[in-house]
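*Asks:* This is what each chain is made of:
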Amino acid sequence: MKRIVILGAGTAGTIMANRLSRLYRRELRTGQALITVVDQDDRHVYQPGLLFVPFGTYQPDDIVKPRHGFLPRDVRYVRAAIDRVAPTRNAVYLADGAALEYDVLIVATGSRVVPEETEGMTGPGWRENVFDFYTPEGSAALAEKLTSWHGGRLVVNIVEMPIKCPVAPLEFAFLADAFFTKRGIRDRVSITFVTPLDAAFTKPACTRALTYLLKEKGIEIVTEFNTGSVDGAKGELRSWDDRVVGFDLLVSVPLHKGAEFVSRSPGLGDDMGFVLTDPATLQAQVRPNIFAIGDATNVPASKAGSVAHFQGELLEENVRRFLAGRPIEPSFDGHANCFIETGHGKALLIDFNYQVEPLPGRFPLAFGPMPLLKESRLNHLGKLAFRWIYWHLLLPGRDLLGVPARMSMRGKRSPAPAAPEPRAEPQTELATTAR
Amino acid sequence: MTTMLLANKDLEVDAEGFLTNPAQWDESVAVAIARDVGIATLTDRHWLVVKFMRERFLTTGTAPSIRTLGKESGVPIKELYQLFPKGPAKLAAKIGGIPKPKGCI
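Chains as they are written, first to last, in this note's numbering: chain A, 1 to 435; chain B, 1 to 105.
I should point out that these hints are in silico values taken from the structure, not numbers from a laboratory.
Just so it is clear, CB atoms sit at the ideal spot from N, CA and C, and this is done for glycine as well.
Check before you lean on any hint, since a few could be wrong.
Residues on chain A that point at chain B, a partial pick, calculated with CB under 10 Å [what the hints assert, rightly or not]:
{"no.": "1", "residue": "Glu117"}
{"no.": "2", "residue": "Trp240"}
{"no.": "3", "residue": "Leu255"}
{"no.": "4", "residue": "Met272"}
{"no.": "5", "residue": "Asn298"}
I would like the entire structure built from these sequences, with the hints used as guidance.
*Replies:* If you want it as structure tokens, here you go:
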């Protein structure tokens with residue numbers, strides 16, 4: 001009998017449960033396969049919606065549904081906290097002491113924000129003038145604050161990379177600009193974006209587009225700022241090298257870590273609790289019968305739902321091969337695809353992978369092309385439509401409007417030769433991917 | 001793969017100058033890379049961090065994060081930023097001759 005255990009019933013875990021239950025439908029019916037999904041609660045949060053809650057576009061209830069409603073009937077759903085994985089025994093131990101043995105384990109427990117890791121962040125002023133928006137509670141509290149705020153210095157801050165959806169903090173700043181303009185108090189609000197990176201984003205072409213938008217919207221940017229502490233009472237954000245940014249309202253994206261049990265599982269994770277994972281095969285380093293997917297891994301891809309979707313298709317194939325005793329394939333290329341809300345009903349679209357940075361052009365979809373790296377209304381409608389797509393196509397593990405799991409160069413324009421970089425290799429990789 | 005001539009050695013490096021073969025490292029390489037990134041002299045405190053970083057990478061296969069460095073290397077985070085301005089984990093990895101720590105996007 002094949003025993004598959006999936007830890008986590010979020011985006012990636014739910015996708016895998018649906019894909020594998022289809023793949024092994026017959027074996028599940030005849031008792032030759034057993035799929036078990038473990039999660040500690042039954043609240044599935046549509047995380048891309050968290051960005052819209054503070055501005056009243058979505059209500060907190062709009063973005064939460066029961067997890068079990070999206071899992072197939074022929075998988076076993078265990079509601080329990082996880083104590084640890086014992087890789088050498090092929091077993092998962094639950095908090096109540098019960099053991100789940102597996103032939104294949106898939107870790108899909110995502111990442112979580114840990115505001116307590118930053119000195120002072122959860123001290124005086126927490127959820128009064130210091131907020132996060134990466135949790136349902138934080139985004140709901142911030143929504144209340146924003147409707148009554150009279151203006152002042154708004155600071156949007158990233159504590160440390162990596163974070164989920166690396167563009168969300170920028171989107172927050174763009175949407176705040178539009179929100180306060182609409183409320184008629186934009187002239188009484190200053191917006192400052194404070195980042196540990198050396199620019200608005202990590203990749204050149206995308207950074208240029210985003211830097212232009214920041215300027216256009218009157219948003220200041222402070223770079224290479226490594227947040228050391230927060231003082232809500234004084235309204236000060238302080239870096240480790242003693243630079244200070246004053247605020248009246250701080251919206252911070254706290255440090256991220258993997259699930260706690262990862263650190264209690266020998267050899268499974270790095271020191272932030274992210275699963276040590278092969279970036280191309282998604283196999284865990286610790287043991288060949290453990291795989292990881294989505295935000296839970298340490299692979300250098302974006303922590304985004306689109307990545308979990310693309311990985312899902314390839315991981316299904318690798319699990320199938322592994323259980324059939326065949327070699328697995330190094331097929332994941334780091335493909336990510338994200339809408340970037342820019343306010344006033346517009347958005348950008350970016351599509352990239354490990355080697356190819358987000359490029360301009362037109363993105364081919366089943367119903368027609370969408371502009372890449374350029375503001376448009378169509379992209380904004382795409383982002384809003386994505387909530388429906390998420391629950392009805394993405395979680396069930398279906399094909400998404402003809403978007404392939406591996407990134408395609410179709411419609412993309414190569415970077416302008418304006419900024420010559422002494423790197424010959426990415427060019428060849430680009431050509432290979434373009435095939 | 002690129003090579004870089006430093007401390008009289010042909011070193012294999014990535015696009016950002018991180019050693020891709022940690023075995024090519026020795027203390028003279030560390031001193032040369034440190035000068036290259038603007039650290040004129042490596043003090044005992046620098047060496048403590050660089051060697052901890054390298055040791056941890058060679059035994060576990062991953063470079064420690066800035067938080068682990070602060071908790072376990074014996075040098076607090078604040079001082080790490082004084083020793084290696086702007087990016088302690090990145091700079092200590094570079095000087096210690098190990099690959100660039102993952103983390104950014």
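*Asks:* Each hint: holds or not?
*Replies:* Hint-by-hint comparison with the structure:
1. Glu117: holds, 7 Å
2. Trp240: This interface hint holds because 4 Å falls under the 10 Å limit.
3. Leu255: Status holds, d = 8 Å.
4. Met272: holds, 6 Å
5. Asn298: holds, 6 Å
In terms of the numbered hints stated before, the structure departs from none.
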